[in-house]
Each structure stands twice: as structure tokens, then as C-alpha cells.
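2 protein chains.
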Amino acid sequence: MYEGAIQDLIDELGRLPGIGPKSAQRIAFHILSADPADVTRLAQALQRVKEQVRFCSVCFNVAEQEQCRICRDPRRTDEIICVVEEPKDVIAIERTGEFRGRYHVLGGAINPLEGIGPDNLRIRELMERLQAGTVKELILATDPNTEGEATATYLALMVKPMGLTVTRLASGLPVGGDLEYADEITLGRAFEGRRAV
Amino acid sequence: MYEGAIQDLIDELGRLPGIGPKSAQRIAFHILSADPADVTRLAQALQRVKEQVRFCSVCFNVAEQEQCRICRDPRRTDEIICVVEEPKDVIAIERTGEFRGRYHVLGGAINPLEGIGPDNLRIRELMERLQAGTVKELILATDPNTEGEATATYLALMVKPMGLTVTRLASGLPVGGDLEYADEITLGRAFEGRRAV
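Line by line, the protein sequences give chains E and L.
Sequence positions in the first sequence follow the numbering used here and run 1 to 197.
Sequence positions in the second sequence follow the numbering used here and run 198 to 394.
These aren't lab readings, by the way, just hints derived from the structure by calculation.
Treat the hints loosely; a few may be bogus.
Stated by the list, open to error - Each computed PhoX-like pair below joins lysine-lysine, with the alpha-carbon atoms no more than 20 Å apart:
id: 1; chain 1: E; residue 1: K88; chain 2: E; residue 2: K50
id: 2; chain 1: E; residue 1: K136; chain 2: E; residue 2: K160
id: 3; chain 1: L; residue 1: K285; chain 2: E; residue 2: K22
id: 4; chain 1: L; residue 1: K247; chain 2: L; residue 2: K285
id: 5; chain 1: L; residue 1: K219; chain 2: E; residue 2: K22
id: 6; chain 1: L; residue 1: K357; chain 2: L; residue 2: K333
id: 7; chain 1: E; residue 1: K88; chain 2: L; residue 2: K219
Let the hints inform the model, and build the full structure from the sequences given.
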């Protein structure tokens, strides 16, 4: 155990996700010998995130104003909403440059084992957005795992009666991957979703 | 790319050692949903380390006063000094409970590839401590790697003429380890250092 302040910092860092005791110690000693201006910038960045970042009132993406940058963008179409689990999924999809509609961030996926049911997600808010009648297609882009699939199935059942097109992102072989190393479920999905060339 | 504050935090976190872009993003979102009091505590711990922690004027371990806890302890003997590379090595040795002498923290090891020579380490300060004549044994506990060995050899040559006992920590098989998985250098050292039972 170190003295006072350095041990306090190691303890605080050790509470962050993915940082074990060894990493916490390594970072603390890095901080100790780092430029004071850099450390101040980090400390301020931490505080500013809590003060300035909030969730978009429309799509629940992270935002610094009442609405996020994507919801404010007049060049995007209101006719397609892409439903994702987390704000980081928005970034991942934006990076493809393929999608010009709006998003809806659920804040997670249905996971009964962790006690997360439909009421813990922003599903009611999604239904309210769909009531307006502008939306023609709903893309379900939840993760391709058990929880994500369950959430997509649940949403599809809820939304189907509203008469809009509901789609799910394609599952299949990752581009640049090796067929031999694909797991059997992914390979099975790739067969199921095969397309004429 | 996220908006403003959250991206700033991801950038700042990504500069820390051992934190890649994915971890930085994960930690930033953890901070976003964390208790504000926890975040304030972390930010303050960062600042306090820079303000309060300094290096002990005697042994260069981390300290909150002019001298560190170990140098201030009157129950420890001044006759043995254990030379280590970093403050974290002091903690590792203290944890064994085997050593009741003082320490000297070099601040690294000789590493010509990174431009670290004897003048960049606290070797002059060590020599000054030894001049007093109180020290009877110097334990060289630098790391058992190339740089640590080079540093130990260099120190042994410097100190030998002063007529005190110079020792090096034993190399050998880690306790609880498996002989079959030991690398050949470690196993060779274990043979060299074999003891009568």
C-alpha cells in the first residue's frame, strides 16, 4: 500500500471498467510523472462530461444540446429510424456512411438474467415517435447476440401492427474473414441469407 | 466521433498507458452514467496526486512529506539498503515482510537503447548515502532482465571498492511453478544457485 494520495488514485482508477490493480498502479505512476497541464485536462474532461453531456430528448443518443447532432440535421430523412442498443452503435453505423435516417437508442437490450425488461429500455418513447406516422421503415440494429435478437423480436411484434416495414441487419460472414474460421451459426446464417449474383 | 465533451474525455483517456480507443470509449460511457460524486472523487484524486505526492529526499520513493514512511520509521535498520528501480518495487518487497532495512529507488534502469545512462538514475545520490559509512550491505534488487542486470553489474563495480557486502536477489524457479514450463535461462540460474538441503 502506498501513502495517501497515490493510493487513493489507484483505488479510484481500479473502480473503472476493465482496469485491474496492475493497470491502475501503472496509470497512477504515469500521472505522477506526467505534465501537470495534461492531468488538469483529464480531470476537467471528467467533470465536463458529467456537466455537459446529456441524452438527446428525441433519440437518446449522447448530446450536448437538447437534441443531438443527428436529430438536428435537416438533410437526413425522418422516414427511416434505425434502432440500436447504445450510443456507441450510432458511431459505428455513422462510420459506414451508408445510413441517412434517424436513430433511436434503447439504452440496452432485453436481458432477463440481469433483470432488464422492455420497461427498462426506451421502447415506450420509440412507440411515441412511430405514432406520428412519418416513419416508413424501422431498422432493428440491435446486437446479433441472444439479448439483441430477443429485443429485435419483441420490437418486431410490437411494431408490425402499425403497418410499417421492419428490417433487421443481415447476419453472415464478416468481409475479409476466412470461411474456415466462421462459427457454425454465422455460417448457417450466411447460407440462409444467400443472394443471387 | 462523438460530440464535444464525451469525445474530449475519450481522447484524454486514450493517452493513458495501456488504454486503447475501445477501453477509452468504454470508460467514458461508464463515467457518463456513473454517480457524479464518484467522478468528482476521481477528478480530485488525479489533481491531488500532482499537488501532494513528491519523492522522498533520502530514498526517492513516493512520499507525502519530505521523507517517506519507510525512511521515517525508527524501527528499521540503516545498515542495509535495498536498491530498486521503481516505487512499485518497494511495495512488492514490503509485501513479503522479509526486509527491515531502507530502500533506494533509482528511477529506472540503464537502457542505452532508450538513452538512459547512469547519469539519468539516482546513482550519485546512492553513492552519497554510502559515504556516511553506516551501510554494511547493499542488496541489488533491480529487475532480473537485461537492463536490470546491467544496472546491477554497474552498481556492483562502483560500490565494491567501498568494502561493503553487495548482494543480488536469487534467480530461480518461481514457487508454485512447474519445472517443465520454466524457460531455459531461469532453469539454468536455478541450477547455478542450487543449495544443499
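Cross-check of the supplied hints:
1. The straight-line distance between the Cα atoms of K88(E) and K50(E) is roughly 18 Å, inside the 20 Å bound, and the hint therefore holds.
2. For the suggested pair K136(E) and K160(E), the alpha carbons sit about 12 Å apart, so the restraint of at most 20 Å is met.
3. For the given pair, K285(L) sits about 10 Å from K22(E) by alpha-carbon distance, which is consistent with the 20 Å threshold.
4. Pair hint K247(L) plus K285(L) holds up; C-alpha atoms about 17 Å apart against a cutoff of 20 Å.
5. With a C-alpha separation of about 19 Å, the suggested pair K219(L) and K22(E) falls inside the 20 Å cut-off, and the hint holds.
6. A threshold of 20 Å between alpha carbons decides the hint, and for K357(L) with K333(L) the separation of about 12 Å falls inside it, so the pair holds.
7. As the CA atoms of K88(E) and K219(L) are separated by approximately 10 Å, the hinted pair is consistent with the 20 Å bound.
Violated hints for the displayed structure: none, as all numbered hints are satisfied.
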